[in-house]
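Protein chains in written order, with the numbering used here: chain Y, 9 to 279; chain B, 112 to 664.
These are calculated hints, taken from the structure and not from any lab test.
Do not take every clue at face value.
Example chain B residues on the side facing chain Y (calculated, C-beta under 7 Å, incomplete) [unchecked claim]:
(1) G533
(2) A537
(3) A540
(4) C541
(5) G542
(6) A543
(7) S544
(8) Q547
(9) Y659
Note that CB positions come from ideal geometry on N, CA and C, so glycine has one too.
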Amino acid sequence: MDTAAPPTERPRPIVGENSSDQKFIEIKDFSFYYGEAQALHDLRFDIPEQEVTAFIGPSGCGKSTLLRSINRMNDLIDGIRHDGDIKVNGTSVFDPLTEVISLRKRIGMVFQKSNPFPKSIYENVIYGLRVSGRNKKSELDQIVTESLQGAALWDEVKDRLHESALSLSGGQMQRLCIARAIANQPEVILMDEPCSALDPIATGKIEELIHELKKEFTIVIVTHNMQQAARVSDNTAFFYLGKLIEYSTTETIFFNPADPQTEAYITGRFG
Amino acid sequence: MNSRTSNKQSDRPKGETLVWLSSAGLALGVLMVVFLLGLIIWEGLNVFWPKAVVEVTLKEDSHYKMGELPNLAGVVVKRQKNTRTGLEEWQMLTGNKDAYGAMFKYITREHVISQSFPEDVIVAERMEYGNSIFFPVSLQLRNGSKLTAEDSEFLTRFEQAIKEVRNRYHEIHKLEKNTIGKINREVNALTIKQRLFEREQAEGKTLHEKDLKEVQERLAVLQAEFDVLAAEAKRLRAMQNDEVVEYRLSSGQVRSQPTGDFVGFHLPNQMGLLDKIGFFIRHIWAFLSERPREANTEGGIFPAIFGTFVMTVLMSAAVMPFGVVAAIYLQEYARQGAFVRGVRIAINNLAGVPSIVYGVFGLGFFVYMVGGTIDQLFFSDRLPTATFGTGGILWASLTLAIMTVPVVIVATEEALTAVPRGAREASLACGASKWQTIQRIVLPASAPGILTGLILAMARGAGEVAPLMIVGVVKLAPSLPIDGVFPYFHLERKFMHLGFHIYDLGFQSPDSEAARPMVFATTFLLILLVVVLNLGAILIRNHLRKKYATSTF
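If we strip away everything but chain Y, and leave its shape as in the complex, we get:
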């Protein structure tokens, strides 16, 4: 758990600034613009290693934009620009010397809608390895087994690894996407509302999985579901209109929020 003191100065409460190993992802004065519209305002906070950090906030508050800036998925959009910097494990993601391909291998991502490729389960898991040119059968077999076990999917699919991934159920597909992300052995896993299209049972399985995964990976999760944030995360950041309103341990945010807006949001009065 991080050493969160109740923030005294409202716009940017900061955690983990006193211990260096806690600054796994550093967001430094980060602003983001879609054309003329500013989506993120001067964010500054750090995300600790091997913990789950949840981004919450109403729609359009910029939490997904921030998440997708960490692995530069926003590059696909025309007319964007940014100020400030994001560092993952000490290297700036926007540094011209940082290769976006290797960056994305270090930072896995799981999307809102499960998006397995129309290939076999096996090929889905090793897609990241295939594109890096790793084709050794024994190595791939081992990684498939480990990744599927890591994603708690192995027992369900071990007998049909070469069937189409599209034959899986929605929850299984999302766990397959998680297996695909961890097959690259990333440092960070970004999850963009991973359970919003799933039923409660499948959601429960994913949440359990997140608990397991944080032993190995640093996880950042965007969610609309307050209970989910409370259940799975160690730290929670609340965004509103592109600004970070409050960032602290999940306990503090949910039981003792410093900001009246945070309180209003988590108690369901707006958002």
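Starting from the known structure of chain Y, arrange chain B on it as the hints suggest.
Leaving out everything else, chain B in the frame of chain Y:
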């Protein structure tokens, strides 16, 4: 709601009156397609069905008399009212163009006293002058004996004689085409060599006395071989005239013709249904597999089918990579802006350029520029005879590829945009590069859409005639673009094409009335070929759809 639906009048929601208009539009379209296809299929297949021959007896003083007898045998093709006189008129296919001067004869119904269906009338297909309709008289055999038509063996012997001459005909063809053809090719090559040597010698570069002597010796050997073969061909040809059939036309003339002039015969008025079906199938097969005769109005159209097929396949092979690569750059890599929008509009407009313009472009660019350059670089010894610097199947295919490339680009672009964002993002998030994402995820997912574009392009390309006329299609091609002669693919050769064949039969043949049924049959075949090619592409597309089903994206 319930009270409304129970009322019959409001079964149809208000404001849906245009449904009628749109459904009427569709119905009209379907009707026209069905009518057109029905007409083509009916008329096209009708050609091969044997029809009864009627012999009419005319009035003694009728001006329709073609000979001494007032009779006329033929197939009644059409019965119509003469718009001027108001009398019923028959169009009869009388055949015997060599005797009557025309294949058809119009007679007025009034002049016909009686009609009958003589059992022994023969319809014979000939090498020249179309069919002959006659009553047999006798067959002069090689051994000098004469077989009269009353003889019970006459028909079998006649059939045998025709079989013999047909076999000999193919033998002669093979001899001339393959054996003599081979000698001719070698002679040609040697002559070119000889000319080259002589030219260099005249320019004083090198002396080729020894080479020249060798060439001349070889030429002499070849000439000797040629003489032997030519004599053999001549002997075989002469044998074609050994046996002579004598026949009587219904109008009274008695004529005789060597059996070598005949292709086959049948007795239409004696045929049962099974015979007719057999005849029908045999003739369709002959139509599909044989070479044309008599200015294309008779015989088969195999070279045209083959030419169309090869051209369409070559065109697809050229247009697919070109169009897909262009569309990928336009859609995936180019910075979307005014320039790219302009390019896109230009591409769409290219689809509306008249096809003859592409033909002229193909002639100027491919044939004269590219082909001319190739000739100068690689075939300079054959000049001034052009090899690639003249129309050919390669240039025709490339011209059509240019013409159809907008279709493929537009379809590919649409297919690429339809690939869900989630699929691309998933791939990129796994650390794939943009090209890897396109190659492994986007292209497979858009393959069905790309193939749809190809299908449209093929349908347009296969049916195109105008540009082909100036970049390599000919009325009669002596050899196929792919054959057993090294190097097997002769892409510089001129070729025959079904679309051009239709034009040629319908508007350029000496007897367009006689060629009319063939026009329908050829059209039917062209449509069939396009359908077959499309079905092939559709099967591949469905297979890909199943393979890359993107249900969850």
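(message) So, as I understand it, the hint says G533 (chain B) touches chain Y; can you test that by seeing if any CB pair is closer than 7 Å?
(response) 4 Å, holds
(request) Closer than 7 Å between Cβ atoms is the bar; does Q547 (chain B) clear it against chain Y? Give me holds or violated. (result) For Q547 (chain B), the interface hint holds, since the closest Cβ of chain Y sits about 5 Å away, which is under 7 Å.
(message) Tell me if the interface restraint on A540 (chain B) is satisfied: Cβ within less than 7 Å of some Cβ in chain Y.
(response) 4 Å, holds
(message) Checking hints one by one. Is G542 (chain B) an interface residue toward chain Y, by the C-beta closer than 7 Å rule?
(response) 4 Å, holds
(request) Let me know if the C-beta of A543 (chain B) comes in closer than 7 Å to any C-beta of chain Y, holds or violated. (result) With a minimum Cβ separation of about 4 Å from chain Y (threshold 7 Å), the hint on A543 (chain B) holds.
(message) Can you verify the interface hint for Y659 (chain B): is its Cβ closer than 7 Å to any Cβ in chain Y?
(response) For Y659 (chain B), the interface hint holds, since the closest Cβ of chain Y sits about 5 Å away, which is under 7 Å.
(request) With a cut-off of 7 Å on the beta carbons, see whether S544 (chain B) makes it to chain Y. (result) 6 Å, holds
(message) Using the nearest Cβ pair, does A537 (chain B) come within less than 7 Å of chain Y?
(response) Holds, because the Cβ-Cβ distance from A537 (chain B) to chain Y comes to roughly 4 Å (cut-off 7 Å).
(request) Would you settle whether the hint for C541 (chain B) is holds or violated, based on the nearest Cβ-Cβ distance to chain Y being less than 7 Å? (result) 4 Å, holds
Every hint from the earlier list agrees with this structure, and none is contradicted.
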